[in-house]
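Trainee: Protein chains in written order, with the working numbering: chain A, 1 to 359; chain B, 360 to 678; chain C, 679 to 1021.
Simulated from the structure, these hints should not be mistaken for lab results. Take the hints with a grain of salt, since some may be wrong.
[Unchecked claim] Which chain B residues face chain A? A few, computed with CB under 10 Å, are given here: (1) M464; (2) P473; (3) G482.
[Stated by the list, open to error] Restraint ranges, calculated between C-beta atoms of paired labels, are given here: (4) L337(A) - F381(B): 48 to 58 Å; (5) Y832(C) - I158(A): 39 to 49 Å; (6) T864(C) - I628(B): 27 to 37 Å; (7) F67(A) - D378(B): 54 to 64 Å; (8) S636(B) - F67(A): 38 to 48 Å; (9) K883(C) - D600(B): 28 to 38 Å; (10) S746(C) - L337(A): 18 to 28 Å; (11) R173(A) - T782(C): 30 to 40 Å; (12) E631(B) - Y682(C): 37 to 47 Å; (13) P22(A) - G670(B): 55 to 65 Å; (14) A484(B) - F67(A): 36 to 46 Å; (15) M50(A) - E435(B): 48 to 58 Å.
For glycine and all other residues, C-beta sits at the position ideal for the given N, C-alpha and C.
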Amino acid sequence: MDNQYNPNEAPAKHMFSMQLDPQMFEKATDEEKQQQEVMSESTTFFRDGMRRLRKNKLSMFGIIVLFAILIGITAAPHIVPYGYEEILSVEGRRDKGAKNLKPFEYSKMEQQYIAKGGERFPHIFGTDEQCRDYFIRVIYGTRVSLTVGFFASIIVLIIGMLYGSISGYIGGRVDMIMMRIVDVIYSLPDMLMVILLSVVLPSLISFPPDSFFGKMGPNMVSLFIVFGLLYWVGMARLIRGQILSIKENDYILAAQSTGASAGRIIRRHIIPNCLSVIIVSTALQIPSAIFTESYLSFIGLGVQAPMPSLGSLANAARGGINTYPFKLVYPSIMICLIVLSLNLLGDGLRDAFDPKLRR
Amino acid sequence: MAEHLLEVEHLKQYFPVRDGWFSTKPLKAVDDVSFSIDPGETLGLVGESGCGKTTVGRSILRLYEPTDGVVRFDGEEVTARNIHALRRKMQMVFQDPYSSLNPRMTVEDIIGEPLDVHHMYSGRAERRERILELMSIVGLNAEHATRYAHEFSGGQRQRIGIARALAVNPKFIVCDEPVSALDVSIQAQVINMFEELQEKLGVAYLFIAHDLLVVRHISKNIAVMYLGHMVETAEANELMDHPIHPYTESLLSAVPIPDPKIARQKKRIMLEGNVPSPLNMPTGCPFRTRCNYSTDKCAEACPELTDRGNGHKVACWNR
Amino acid sequence: MKEYEHLLSVQDLHTTFTTDNGEVHAVNGVSFDLDEHKVLGIVGESGSGKSVTAYSVMQILAENGRISGGRILYKGEDISKWNEKKMSGFRGKNCSIIFQDPMTSLNPVFTVGNQLMEAITLHTDKRGAAAKARAVEMLELVGINEPEKRLKQYPFELSGGMRQRVMIAMALACEPDILIADEPTTALDVTIQAQILELMLDIQKKLGMAIIMVTHDLGVIAEMCDEIIVMYGGRVCERGTADEIFYNPKHEYTKGLLHSIPSVSGSKEKLQPIEGTPINMLNMPKGCAFCPRCKEAMKVCLEMVPEERIINNDHTAACWINVRDGIAGDPVVKKEEEVTSNG
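One chain only, chain A, in its complex shape (with noise of 0.2 Å):
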């Protein structure tokens, strides 16, 4: 058989062949296959992360929901008139007839003045029965859980993450010690510690009614102290878990044999690949917080009146229920909204981010 190359004859020999034009045959340049190499665009992790994130309906829904919720307690105190403990009243005079109003409802004085030609912004919730705008007190109560949520959320991070990278680092004896520890508060019935807890605190600690924590109120800054003592455990143990396994990675081994110290190792190598995981876990964190905050409020342990939360305002409803039932509707339907919501961010961070914990 002549293997010489021969384009005249060889491909001829087949009819398919024929089609084919001789310099087909001619050897490709390395351009040219290169060409068909095409190495996939850059991502980094992040950029795949929120590419997939984006793909998630039910968590731009839930980040949607978000943003409108964060926009609406920032723009609201600024349009609407009335203060969150403000009473009514019109041209100076005390409104007693703007009692427990349907939404959109004005009281007979605020019709008066209307007809006069004066303006009056509408109560879009009605008002309570202490005659207060309720639109602006539940756009409070919401700015309360929410920051109650956040902070308590961030306290309980911080708490875990110190306590459970130092447990999975260290490791061994230490490591048994601080588990059992966990495994002692775990053991400590939640609901009961966080009741007794927020009954006792506020009486013990007092800031000047100007700072900050003053502004929040004893009651408040308790809570956050609950959160922080109860809920730790939670994420320490799994920051620690997660340290374990990264531990048991190859570049670490690797870093060590490049001469790399502990700290270098924890900072470059173990903390930027828990990120994903303490992220998910602080988002999904933050209902649950939200949640415990709004019963506590709910039973009369939260947040101190006149400063409204979601909890106390569905507690407050509870007495007229029968006769004015948006006043439960209202912060119920906001507490859902902002806890659905915060969810399927969450769930969405973590499909996202963390494909291994998707159940």
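Following the hints, put chains B and C in place on chain A, whose structure we already have.
Mentor: Coordinates of chains B and C only, in the frame set by chain A:
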């Protein structure tokens, strides 16, 4: 005594394994292993999983604190105190190209890490220049510097790992199964690169692998390990063509030969049973439980490596 | 006279996976025939579609995968259209598979006996003592000593080689016609690998089933297989008897593979690796999948996918170079076309 680059003498590495509530039992991962490597040379270390070959490599680099024995590098004894400085001369390449690179770091930072740790540059520009130089040595494009490890294929990842090991200009690299996770065609690329680097830079390798054909190709000398003991060592072709120890014999006969005609003619020496647990080592020679030639003497004492001429050393009573 | 031509005949198989980044055509028109008593080797590197081909036959693809074209004829019947219920009868009884990792393919919370007997009762009418007797018989067949005792043990109490033997026993418990072995020895040490390969050939002689051996190890292929298929990028590049493939390769990829392995004789000549990186299945070249890495690539390779053409009776290859050099015969006729034109 500075003729050898690396000398390992009577290296022992035991790990405590919990036995009861408070008592521990030693797991003898490496038990009295001695060898030496000359500058620019390759020693291949073969054996089945659990024979302690990886542990030897890690003990040399002091990733574990050896139980006993001396490791001398460049005439200097390796201790916990001088290991940080010695890590500029000794490096390691890992088996798994996926777990040995931090997924949150760019290629540039991965290769640059040893430079950072040993403060081997005076400014950002010098660091970057050195990293790009290393990348071109291992055949990676400069434009890949800012990419993350997960964007690369196994072979390219292994190149990144090699570049990281080369960053400090080491004289000696422990290669722990560096090609066993790679596809055949990529394996050959990486093996060639190891050879070229040795020619160019004069690095010595301890090449740990279980693929005997690869080890024979790349190594000058080969050592065979079984259950923490070194049972035979010789020049590569000598060991492969004229094995003396019964374990080496059966190991070689078990290797699948990628040549149908030879494969059909080949006679296998089948080993019975499984490798004993290193927690329950047989007395005397560790191989005697599976050996066809074992005698009473094998149960009494463990044979030492003895020279059978031409540097071919074997630890066996009967051969 | 048999009513069917081949025991198993895969014709123009296409398998597609839907991923976040688009459709991945893992298998692109693979055809092969398997007869009784034969060992067929499928060799290729990761991402070549060799495992997916095997999984497609069993229809055990991941959730996002589906058979998107072609036919799989088992004794003349197209099983690719079978529903899950029918397939679960087929799996285990007519065709079994053993996987690479014997630890993860055995359930850690059940004893060996439990799992073995479940496989037996599922597909045969043996119950109770009869099933147990069969289990013991199977363990003996795969060379496990003290089978009665082993039945009561959990998978973690066995060594890797022993577990793979149990897997083989389970796969063969119902005497399937076809055994698919997906990298059965990759996770094992060489001495154990030798034992398992020997065992498989031994049992094959005794029971006479056909084996499909999926592996990347050319050594294993050379020792085990009668016929070999070399795959790259989801397509068959070359097929033939072991001798033809190893001594007369006619596809640049096969040649490259054979040059990539260190020589058996121990010469220290430089290896000649295949340059470049493995194919990205999301970004398949327009022409021959191998052309970006091929030293001999021609302009035609960039444009058109080469067809499988006959080299000789025992050998076909899909490479344009054979056409250029005039050693390639007619294209292999696709079965699908033949069938449709006939009926």
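Trainee: Against each hint, give a clear statement of whether it holds in the structure.
Mentor: To see whether the hints hold, each was checked on the structure:
1. M464: holds (7 Å)
2. P473: holds (4 Å)
3. G482: violated (20 Å)
4. L337(A) - F381(B): 48 to 58 Å: holds (56 Å)
5. Y832(C) - I158(A): 39 to 49 Å: holds (43 Å)
6. T864(C) - I628(B): 27 to 37 Å: Given range 27 to 37 Å: violated, Cβ gap about 22 Å.
7. F67(A) - D378(B): 54 to 64 Å: Check passed, 59 Å falls within 54 to 64 Å.
8. S636(B) - F67(A): 38 to 48 Å: Between S636(B) and F67(A), where Cβ atoms are some 60 Å apart, the hint is violated.
9. K883(C) - D600(B): 28 to 38 Å: holds (32 Å)
10. S746(C) - L337(A): 18 to 28 Å: violated (43 Å)
11. R173(A) - T782(C): 30 to 40 Å: holds (33 Å)
12. E631(B) - Y682(C): 37 to 47 Å: holds (42 Å)
13. P22(A) - G670(B): 55 to 65 Å: holds (60 Å)
14. A484(B) - F67(A): 36 to 46 Å: Hint holds: Cβ distance 43 Å, inside 36 to 46 Å.
15. M50(A) - E435(B): 48 to 58 Å: Check passed, 51 Å falls within 48 to 58 Å.
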